[in-house]
Amino acid sequence: MDSLETYLQHNSQQIIGALGQHIVLSLIAILITIVIAIPLAVILMNHQKWGEVVLQVTSVIQTIPSLAVLGILIPFVGIGTIPAIIALVLYAIMPVYQNTYAGLTSIDPLLIQAAEAFGMKRRFKLFKVQFPLAMPMIISGIRIGSVMVIGTATLAALIGGGGLGTYILLGIQTNNNNALIVGAILSALLALIVSGVIRVLSKVSFKKTIIGLVSLVLIGGIGTAAVKLATPQRQTITIAGKMGGEPEILINMYKDLIQQDNPNIKVNLKRNFGGTSFLFKALQSNKIDIYPEFTGTVLQSLVKGHTKVNPNAHSAYKTAKKALKNQFNMRFLAPMKYQNGYGIAVKTSVAKKYNLRNFSDLKKHRNFKAAFDPDFFQQADGYPELQKVYGLNFNSVRTMEPSLRYKALARGGVQVADAYTTDPQIPKYHLTLLKDNLHFFPPYQGAPLMK
Amino acid sequence: MITFNQITKQYPDKLALNQLSLKVQSHEFFVLVGPSGSGKTTLLKMINRLETPTSGSVSIDDKNVNDLNLTKLRQNIGYVLQSGALFPNMTVFQNAAIQLANLNWEPEKQHDRVAELLTEVGLPPKEFMTKMPHELSGGEAQRVGIVRALAASPMIVLMDGPFSALDPVSTRQLQDLVLQLHQTLATTFVFVTHDMQEAIKLADHLAVIHNGELQQIGTPNEILAAPTNDFVKNFFRDASQQKAFLARVIESGLGQPKNHQKALVLQQTDTIMDWATILHRNPAALIEVANVVLVPTDFPAYIATMKKGDH
Chain D
1 MDSLETYLQH NSQQIIGALG QHIVLSLIAI LITIVIAIPL AVILMNHQKW
51 GEVVLQVTSV IQTIPSLAVL GILIPFVGIG TIPAIIALVL YAIMPVYQNT
101 YAGLTSIDPL LIQAAEAFGM KRRFKLFKVQ FPLAMPMIIS GIRIGSVMVI
151 GTATLAALIG GGGLGTYILL GIQTNNNNAL IVGAILSALL ALIVSGVIRV
201 LSKVSFKKTI IGLVSLVLIG GIGTAAVKLA TPQRQTITIA GKMGGEPEIL
251 INMYKDLIQQ DNPNIKVNLK RNFGGTSFLF KALQSNKIDI YPEFTGTVLQ
301 SLVKGHTKVN PNAHSAYKTA KKALKNQFNM RFLAPMKYQN GYGIAVKTSV
351 AKKYNLRNFS DLKKHRNFKA AFDPDFFQQA DGYPELQKVY GLNFNSVRTM
401 EPSLRYKALA RGGVQVADAY TTDPQIPKYH LTLLKDNLHF FPPYQGAPLM
451 K
Chain F
1 MITFNQITKQ YPDKLALNQL SLKVQSHEFF VLVGPSGSGK TTLLKMINRL
51 ETPTSGSVSI DDKNVNDLNL TKLRQNIGYV LQSGALFPNM TVFQNAAIQL
101 ANLNWEPEKQ HDRVAELLTE VGLPPKEFMT KMPHELSGGE AQRVGIVRAL
151 AASPMIVLMD GPFSALDPVS TRQLQDLVLQ LHQTLATTFV FVTHDMQEAI
201 KLADHLAVIH NGELQQIGTP NEILAAPTND FVKNFFRDAS QQKAFLARVI
251 ESGLGQPKNH QKALVLQQTD TIMDWATILH RNPAALIEVA NVVLVPTDFP
301 AYIATMKKGD H
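Chains as they are written, first to last, in my numbering: chain D, 1 to 451; chain F, 1 to 311.
Isolated chain D (complex conformation) (with noise of 0.2 Å):
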């Protein structure tokens, strides 16, 4: 493995770019949530009733898991930046809120009377008295929404949103610390930062405060209005790949060969951008134009009517192909010759000592631990199936992370685990893969898929 400097010196383009992407991404939540918070908190000040149900409502909201929320937003607004703002916002509208309110209904009522007494305006005595004197509270409210932000945005990669998550995401996936503590120290260092920040704000006056904000919002949309018209405009294709290795190998291939073919179509990647239900929607929706894609993903996940696969690639594609055309009017291109499907792993040497071949050599071995990836064990047509079909039984069965399940193999936690058959991790752990015997998984040939 490369050490850290390498791979920063390697990806530096890159991460910076995702940092960026990290910090707009929060600063715009961090935005919208005081747009809506403090007017909110400043309305509801004076209805106590209204003020604690609303603290209830963001309280409530705070406690769904913001993965959670991320999936419920997918139906209704789909994938991408939008999506991840929207829960960023959500999750941050209670700490500032709270503390908005807080802050602005706990001043001590003798100031408030005498400011009333004085026949202030509304106005005056909200700008004059009443936020000077919550300032520090909401100040504070706005810092831990920011941290929080900063924190949770690294979940925004999950749904293609970008940022320092990709990084994460992509060490947990392909077991590349490097790329984990990338992500996770830049998040953490960046919420610090931001802290820190706020904190030095919080003793600048309000004015100069918001003066301060509102310049950094046009900077910032003037310097992304000036990049975007600097760059001319070309022909652009966006090509996305999967989580892993393999997929990003796929995608640079295919920009290498349309940039061959011509040179003046701008190629954009997106890398790791997320799970198969994600890519499909984005295809779907044209936020990216290509992406690569399995025959058997496509006829077990994708089209309807297929539970059945043909266990021939040739004919599979075909099938394939066909249903994508005529359900989605989308074109599945010629497949490579290689495939990447679902197999099953034993290591080498516990394969010699059993001699094990094929999947059905297992079902003596009930006493063997398995582990699976999640959505392999759950799916009808994934682990219970296979159960089915060659009368497997083991006693412990497990799910694990994929990147995980190979290392699990290799220190000999598990004896048997699924695999996807390209995964370079198999030569390295010296993991065979057993034979299925039976035809049980379809064939998985990669190939890209576009509109």
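No lab work stands behind these hints: they were computed from the structure. Even for Gly, the Cβ is constructed at its ideal location relative to N, Cα and C. Do not take every clue at face value.
Unchecked claim - Listed next, the in silico SDA-like pairs over lysine to any residue satisfying Cα-Cα at most 20 Å (straight line):
1. D:Lys266 x D:Lys287
2. D:Lys203 x F:Glu135
3. D:Lys121 x F:Arg49
4. D:Lys125 x F:Leu136
5. D:Lys207 x F:Ala101
6. D:Lys203 x F:Thr71
7. D:Lys207 x F:Asn89
8. F:Lys262 x F:His280
9. F:Lys72 x D:Lys287
10. D:Lys125 x F:Lys262
11. D:Lys125 x F:Leu103
12. F:Lys45 x D:Lys207
13. D:Lys208 x F:His280
14. D:Lys121 x F:Thr71
15. F:Lys45 x D:Asp108
16. D:Lys388 x D:Lys352
17. D:Lys203 x F:Thr91
18. D:Lys207 x F:Thr71
19. D:Lys208 x F:Met90
20. D:Lys125 x F:Asn76
21. F:Lys14 x F:Glu28
22. D:Lys352 x D:Phe368
23. F:Lys131 x D:Val204
24. D:Lys121 x F:Ala152
25. D:Lys125 x F:Pro107
26. D:Lys207 x F:Gln94
27. D:Lys207 x F:Thr91
28. F:Lys45 x D:Gln113
29. D:Lys121 x F:Asn69
30. D:Lys121 x F:Glu51
31. F:Lys14 x F:Thr52
32. D:Lys121 x F:Leu103
33. D:Lys208 x D:Phe131
Unchecked claim - Quick look at which bits of chain F chain D covers, simulated, 3 or more residues with Cβ under 8 Å:
34. 72 to 81
35. 86 to 94
Assemble chain F onto chain D, guided by the hints.
Chain F alone, transformed into the frame defined by chain D:
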């Protein structure tokens, strides 16, 4: 003139004021005095509509306060709260000028006006203008509170127990200060206190309020000399000045019924100091109070009874 007409204030759990009527003359120093919970602060706050009566009306110069523009009404009334209640986020100047800023005065005018008033209350403007409230002593803070109330030259200044949290020395100084300010300004002062000493010292007229009802209204001497009921009498019992009234001398049993002697007639509300002044000019003078004649020797006899404490 401020007129309270048949004021009743009913809270869910308590009748705070009951059919209370009284008048405050323009330019006078009027004190509302009574124990805590008597309803005097509620009454005060009805003048600038921080409180509204359940029934009855409050008028200023025969105009019902409810008919006046609330903001304008309050901008014409100064308000001094307990403990100063300065805004902790503002300097002394910003605090004192708050009503002026609200009225859109020009900054230099605000500055001049505040400096003038700060000087008047004994706070050198150069030193105090830029201080923050937390840097002030209680007495200084309340002086700033008074400046804030007077800044816009209001017709009426309301003071809600302003000196109750101060030490005795500061209290005395500030009492002297407000008396002096009242003399120089053509402003009506309405002052709430639970301290009868303070009420007697400050008031032109005072109203004694107890359980939401008016017990007695009059000058301090009238009330000390002739309390209308036991509550008023007990409330003022400890006031040392009370013993100086000629009414008390007669009560102590001294003197003879009037019997055609030639005597100088004095009121029950006059004091033994007035008597001493007369005796000082004419050691043989007789005085007559409420048809009782007091001879010169009665004077040392009464002073001697004061030593025992009670009479």
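Tested hints:
Pair hint lysine 266 of chain D plus lysine 287 of chain D holds up; C-alpha atoms about 15 Å apart against a cutoff of 20 Å. The suggested pairing of lysine 203 of chain D with glutamate 135 of chain F holds, with an alpha-carbon distance near 19 Å, which does not exceed 20 Å. Between lysine 121 of chain D and arginine 49 of chain F, the direct Cα distance comes to roughly 15 Å. Compliance with the 20 Å bound is thereby established for this hinted pair. This hinted pair does not check out: lysine 125 of chain D and leucine 136 of chain F have alpha carbons roughly 24 Å apart, beyond 20 Å.
For the given pair, lysine 207 of chain D sits about 17 Å from alanine 101 of chain F by alpha-carbon distance, which is consistent with the 20 Å threshold. Taking the CA atoms of lysine 203 of chain D and threonine 71 of chain F, the gap is about 33 Å. The hint is violated against a cut of 20 Å. For the suggested pair lysine 207 of chain D and asparagine 89 of chain F, the alpha carbons sit about 14 Å apart, so the restraint of at most 20 Å is met. Using a Cα cut-off of 20 Å, the hinted pair lysine 262 of chain F and histidine 280 of chain F holds, with the two alpha carbons roughly 18 Å apart.
Distance hint between lysine 72 of chain F and lysine 287 of chain D is unfulfilled; the C-alpha atoms sit about 60 Å from each other, more than 20 Å. For the given pair, lysine 125 of chain D sits about 69 Å from lysine 262 of chain F by alpha-carbon distance, which is inconsistent with the 20 Å threshold. This hinted pair checks out: lysine 125 of chain D and leucine 103 of chain F have alpha carbons roughly 13 Å apart, not beyond 20 Å. Straight-line distance between C-alpha atoms of lysine 45 of chain F and lysine 207 of chain D comes to about 34 Å, which puts the hinted pair past the 20 Å bound.
For the hint pairing lysine 208 of chain D with histidine 280 of chain F, the CA-to-CA distance comes to about 73 Å; that exceeds 20 Å, so the pair is violated. A distance of roughly 7 Å separates the Cα atoms of lysine 121 of chain D and threonine 71 of chain F; the hinted pair therefore holds under the 20 Å criterion. Of the supplied pair hints, the one linking lysine 45 of chain F and aspartate 108 of chain D holds, its CA atoms being roughly 18 Å apart against a limit of 20 Å. Note on lysine 388 of chain D and lysine 352 of chain D: the hinted pairing is violated, with a Cα-Cα distance of about 26 Å set against a maximum of 20 Å.
Between lysine 203 of chain D and threonine 91 of chain F the CA atoms are separated by roughly 16 Å; this keeps the pair inside 20 Å, and the hint holds. Annotation: proposed proximity of lysine 207 of chain D to threonine 71 of chain F is violated, straight-line Cα distance about 26 Å (limit 20 Å). For the hint pairing lysine 208 of chain D with methionine 90 of chain F, the CA-to-CA distance comes to about 16 Å; that is within 20 Å, so the pair holds. About 17 Å separates the Cα atoms of lysine 125 of chain D and asparagine 76 of chain F, which keeps this hinted pair within 20 Å; it holds.
Of the pairs offered as hints, the one joining lysine 14 of chain F and glutamate 28 of chain F is violated, with about 31 Å between alpha carbons and a cut-off of 20 Å exceeded. For the hint linking lysine 352 of chain D to phenylalanine 368 of chain D, the alpha-carbon distance of about 15 Å falls within 20 Å, and the restraint holds. A threshold of 20 Å between alpha carbons decides the hint, and for lysine 131 of chain F with valine 204 of chain D the separation of about 18 Å falls inside it, so the pair holds. This hinted pair checks out: lysine 121 of chain D and alanine 152 of chain F have alpha carbons roughly 16 Å apart, not beyond 20 Å.
Between the alpha carbons of lysine 125 of chain D and proline 107 of chain F the distance comes to roughly 19 Å, so the proposed pair stays at or under 20 Å and holds. A hinted pair counts as satisfied when its Cα atoms are at most 20 Å apart, and lysine 207 of chain D with glutamine 94 of chain F qualifies at roughly 16 Å. A hinted pair counts as satisfied when its Cα atoms are at most 20 Å apart, and lysine 207 of chain D with threonine 91 of chain F qualifies at roughly 17 Å. Our distance criterion of 20 Å between C-alpha atoms is met by lysine 45 of chain F and glutamine 113 of chain D, whose separation comes to about 10 Å.
At most 20 Å may separate the alpha-carbon atoms for a hinted pair to count; lysine 121 of chain D and asparagine 69 of chain F meet this at roughly 12 Å. With a C-alpha separation of about 18 Å, the suggested pairing of lysine 121 of chain D with glutamate 51 of chain F holds against the 20 Å cut-off. For a cut-off of 20 Å, the pair hint linking lysine 14 of chain F to threonine 52 of chain F stands: about 15 Å separates their Cα positions. Distance check on the hinted pair: lysine 121 of chain D and leucine 103 of chain F sit about 10 Å apart at the alpha-carbon level, within 20 Å; holds.
In summary, the hint linking lysine 208 of chain D to phenylalanine 131 of chain D is supported, as the alpha carbons are separated by about 14 Å, within the 20 Å threshold. Counting residues of the segment 72 to 81 of chain F whose beta carbon lies closer than 8 Å to any beta carbon of chain D gives 7, which meets the minimum of three for the stated coverage. Only residues whose C-beta sits within less than 8 Å of a C-beta in chain D count toward coverage, and the segment 86 to 94 of chain F has 4 of them, enough to reach three; the restraint holds.
The earlier numbered hints that this structure contradicts are 4, 6, 9, 10, 12, 13, 16, 18, 21.
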